[in-house]
Each structure stands twice: as structure tokens, then as C-alpha cells.
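**Student:** Here the protein sequences come in this chain order: A and B.
The end of the first sequence is residue 353 by numbering that gives the first Met the number 0, with every number in the run present.
The end of the second sequence is residue 353 by numbering that gives the first Met the number 0, with every number in the run present.
Any given hint could be a false lead.
What the hints assert, rightly or not - Only pairs whose alpha carbons sit at most 30 Å apart, straight line, appear in this in silico DSSO-like list of lysine-lysine: (1) A:Lys-326 with B:Lys-48; (2) A:Lys-258 with B:Lys-227; (3) A:Lys-258 with A:Lys-326; (4) B:Lys-258 with B:Lys-227; (5) B:Lys-258 with B:Lys-190; (6) B:Lys-98 with B:Lys-48.
No wet-lab data here; the hints were simulated from the structure.
One-letter residues, chain by chain:
Protein chains: 2
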Amino acid sequence: MSESLHILCDRWLGNTGPQSDIVVSSRARLARNLAGARFARSSTPEDLKRVHDAVAAAISAEPIFSEFHEIVLADLSAAERSILREAHLISPELERHTKHCAVHLAPDASISVMVNEEDHIRMQAIVTGYRVREAHRVINEVDDTLTRHLQFAFSSRLGYLTACPTNTGTGLRASVMLHLPGLVMNGDVEKIIREIAEHGFAVRGLYGEGSNCTGDLYQISNEVTLGKSEEEIIESLLGVLDQLIVRERDARQSLFNEKPVFVEDAIWRSYGTLVQARMINSAEAIGLLSRLRLGIERGHFHDRLTHHDLNRLLIEIQPGHLMAMRKVAEETELRDAARADFLRERLIDIANSN
Amino acid sequence: MSESLHILCDRWLGNTGPQSDIVVSSRARLARNLAGARFARSSTPEDLKRVHDAVAAAISAEPIFSEFHEIVLADLSAAERSILREAHLISPELERHTKHCAVHLAPDASISVMVNEEDHIRMQAIVTGYRVREAHRVINEVDDTLTRHLQFAFSSRLGYLTACPTNTGTGLRASVMLHLPGLVMNGDVEKIIREIAEHGFAVRGLYGEGSNCTGDLYQISNEVTLGKSEEEIIESLLGVLDQLIVRERDARQSLFNEKPVFVEDAIWRSYGTLVQARMINSAEAIGLLSRLRLGIERGHFHDRLTHHDLNRLLIEIQPGHLMAMRKVAEETELRDAARADFLRERLIDIANSN
């Protein structure tokens, strides 16, 4: 299972999308619960099974879902569940729970419908590049389609009801993963992040809540789901992101003009460590790989390394993927050694021709 | 001048000597002052000139000095004076002063007789590897020869008189430069260094007093010059060094047996940074190069990098040498970039074939 799983999971990375030099990916997710059923956390196994079956029936009834693939979490090993989380297809919450939990995946893995997460349904669309509206449009279509078969818990005063009040209202969370090396290197990033947070947006690392920003990668999403329309939420997020992208682009340009050797040094040192280390943990690898993205923009790697390659690598170096690909044991030291070997094999050919 | 100077200066590195995996070099120096002349720091220019001329006359009178080369410090640029200091042929003290200062160098630069340093004469023998006795024998011969022509300030109670009381007595300072990566990596080095210091030995970095230990390189010398014979000083230093060398050898063996990947990782990461950096300062370069010494012992570089190569590199990456070889300006940033280019050119061929 796990071998095909890790290949399936990375399919949404098939291309890089618009503004991929700064925006790695865009996501939109909706939280929904079935009317008349207890929230998952206070459910009996029978309740959970009923929710599972109802969602499965809705999905199998609709032609647009005909190619979807259901994965039952209880059928997976812990390593396989990690693979799904690492590829951003299920939440850490769903990874931890297995009882009657499932995920329905689109053939290209760009849509996932999680069942019996904190909410009965968490549906997500993920695409590469700066395409928040597209992700939102896609997930709305999924939502509309499911609505034909399922009745969602809804209050005319509050909107959609959710297990955690922070999701109540639209149930919408839109987010992007940004690569901000310019603002990190010029030292502005912390101030900007604080400003963004004060305006009601959450800033997180590569793997959501609780993960610190790793390398130059920042995940930004709306905090507010209540009292605003979905359209307003998307609009205000895009307003912030548009500005942030301009500032990152300016920061890079200034660095390239004023401190070209400083930038080159940072890129090539990262490359040197990635290619020569014999043990490397994920956090360090993410940080170093994220610096290589800047090298692509500077033309250092010609066509031998692309944004797409890097997006894949950021996922492939995660423990679950590594264990599946390299048949390596769970011990941290062995995994760190396998990660270093993997990175060396993949990156050594990007010959240093500058 | 400066081009030939940096080539001349590195000649004493011609071979690597015994135990060169741990002992980079051995030195012995004697401090002497002319009887009846004021110490240099309270001298008039005329006094200094008289000392200079007296020493020059003594040297030109003796056949064993016939191939010696006199360098008058006032004839050199600041960069050229740095070259002499970086190659360990003159002291930082002599580098700072030029008036009537000179150094008489043996053809292979293994003997230098400094004139009008803190003392009228500082004579030094420097050899590669663990050869303290040889350095001591050589410098004693130089001393004996000069004694035929010069009368040194001597008290039957105190011994040789020197400008600073810490050198009075024998005027002998014997020292070795040690490479201790095993004890650095296993964390024992600080405790051992403290013990050694408590027994009356000084521990310094690559460039003498005031320089911190850089990388895994430690310079150890006797503190006491008074109340002991030269033979006793050498004996007690060798006693400490013999033990230290055994401990370093044990530490390396344990690391190689117990944590081979950890050691390999440290070596190859250092290599990766040295080969890929675009700016690098001397201290970092010394630290990284010193790690490569361990790679030689592990057979990582086959015959493409030797202890001799590394000994040269440790000197060549110093600012003065770099400025002479690469015709680079004195600005730190430019020099750091030139150092990175130099290291890349020199090291890139040590292909990673492991």
C-alpha cells in the first residue's frame, strides 16, 4: 500500500501554478457537520459509522466523485497515515484517529474529503501556486454537490455549526504557503508577520498549528470564519497576500542588487550542506531546501532543479515518505542518515557550474 | 616582493613530520638581550640601530648563517608584514614595529632570528610534526653560534634577562600546535585544557596570545622559564603532550567505532561549506579546514588532500597571503569573497567518491 500511496499523494504537485516563486500552494477547506448527529468527539462508534456511511453514500451517488478513491484510516499503518498528512491531504487530527475515519481523494489528490475529523466532514482543495480563488471555487462545488445528499447542521443566526467555535459560521479556512526568503534575509519578516496577525490572520509553519515556521516557509490563513461572508474572507486574505507578495518581491530585488554575493553565499552554502551531510533532520532539510528556491530564481541551477522538484522534495523528506521510499526503520538516527543519502542522490547532479 | 615572500614563508611546511595526524608543528624560541644596551622599549633609534647592526654583523660572520636572508621590516608593506606573521615567522609584536626591526630567515624559513622585538633578539626554530627536541636542538645551536659574537645580558642568579619577567631565566618557550578534533567532539577538551593550564602550561589558538582556539587547533607551550633548566622545561612539556596525544588518539578511535556516521557527517558538512560558500572569514575557514584533517585520516579524500596541503591552506587563507596571491583589496567583504573563491578552486577536485 504505502509505495503507491506516496506516489498518489504527491499528484497535486503536478505543476507549479502562478507566482510559484513566492506562493508554493493555495488551499481552501470547509468544515461541515451532519444535522441531527452528535459531534464526532461525543459520538459512539455507531454514530461515527453512520456518519461515515452517509458520506460514502453521498459521494458514490455523484458522477463528479466517480473517480474518487476512499482510504479508510484504520486500514493504514501509522507510517501510511503520516504520508497522507505530510502530503497535506489529511489533518494531524485525522492522522491520530482511526475509528471510522476515512478520506475520499480526487484522482490528482487535489481534493480531499475527510470524514470524522473534529468535524464530521472537512473538505479541502489544494493547488500549487497563487490560486486561492480556484481552490475556493472547487471546494464550493464539492460542498454544493454533497448538500444534495446530506443535511448540514446550520443555524440561521450563526451559520454552519462546528465542533470548535473558531470554525463556526462559514467553516471556511483559506490559506497559502509562502516562500519569503527576501523578508527573512532583510530582517523585516517578524514585524510584517506581527502586523498580519494583528489584522486577524494566522501565521504558521509548514505543518499547521503548533509547527513553527521552518526555513523561509510561512502558512497564512484567515482566523475569522464568523460574521463575514465567504467572499469577504477570501477578499481580505487576498488583500493581505497581494501586499505581502509585492514586499517580498521588493525585498528580493534589493538583496539581489545590493548584496548579490551575500545571497549567493546563502544559497550555495545550503546546497553544500544538503549535498554533503551524512545525517540531517527534517527541520534543517526544509530550511536548506527553501533556500535553494532562491537559487532557482537566480538561475544558479539552470534547468536541473525546478520549483516543482523542490515542492516534491519538501514532502519526500518527511519521515513517512522517507520510510516508504527507502524502507528505513523508524529510529531517528537511521532516518536522518537515510534522508541525507536521499538528498545527496537527488541533488548531486545539480552541478555547480557558476 | 610580496609574491616571492609568501612562497618563501611557507617553506618550513615542506614535509609533515612525525605524528602529523595530531601534531601540526613544533616550535622552540629563545629570548636574548645584548649586555650593556637598553631594552628595546626604552631605546633611542640610535640604540636600536646599534643592536640591529651588531646582530647583522654576528650573522654575516658565521658560515652556518651564510644562506640566511635578512628582511628589514621597514622595507615591507603592512600586507607583507602580515605574511610573515601568518606563516609564524615573526611575532605579532614585530609585525607592529618597524623601526630598525629585522628578521633573519633560514633558506627553508625553519629558523628565524627577530631583531628589536620586545627583546633585542627572539630566535625561533619551527618544524612540522612532533619534533620539539629537534626544534630545541636547532635553536640552541643558533644561540651558541651567536654567543661567539654577542654578549647577552645574563645574571648568575636569574639567568638570561628579558624585557618581560615572564621570559627571564632560560628565555625558552617551547610549543606545539595540536589538532584535537576527537577531544573536541567527545566534549572532553575543555576539562583537559583546564588541567593542563593548572600544571603551568599555556593553551592558545592558532595565532598565539589573545587568539582563541580556532577550530580544533590548540597551541600548548610552557609558561615557566625561570628556576628550571631548559631540559626540564622540554621534559615536562613532552610529558604532558605524550599523554594528550594518547587521549586524542583514544577519543578518535572511540568516535570512529561508536559514531562513524556522526564523524563522517561533520567532515563532509565542513567540506560542503568550504566548497560552496561564496564568502568566508578566516576563523570559520580554519575551523572547517581543521575538520577536513580528520577526513584524511578516515581515507575520505584518498590522496587528493594531504596533511601537508591542509597545513599550507591554513596559512594561505590568512588575509596577508590572500591579498598577495589574489591581488585583492583590504576590504573585509572582498577578502572573504576571495577566500571562498580560493578555497573552492583548491578543494573542488577532492571529489566526493564515498
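**Student:** Determine for every hint whether it applies to the structure shown.
**Tutor:** A quick look at each hint next to the structure:
no. : hint                     : result
1   : A:Lys-326 with B:Lys-48  : violated, 77 Å
2   : A:Lys-258 with B:Lys-227 : violated, 57 Å
3   : A:Lys-258 with A:Lys-326 : violated, 43 Å
4   : B:Lys-258 with B:Lys-227 : violated, 44 Å
5   : B:Lys-258 with B:Lys-190 : holds, 22 Å
6   : B:Lys-98 with B:Lys-48   : holds, 9 Å
Consistency with the previously given hints fails for numbers 1, 2, 3 and 4, ordered from lowest to highest.
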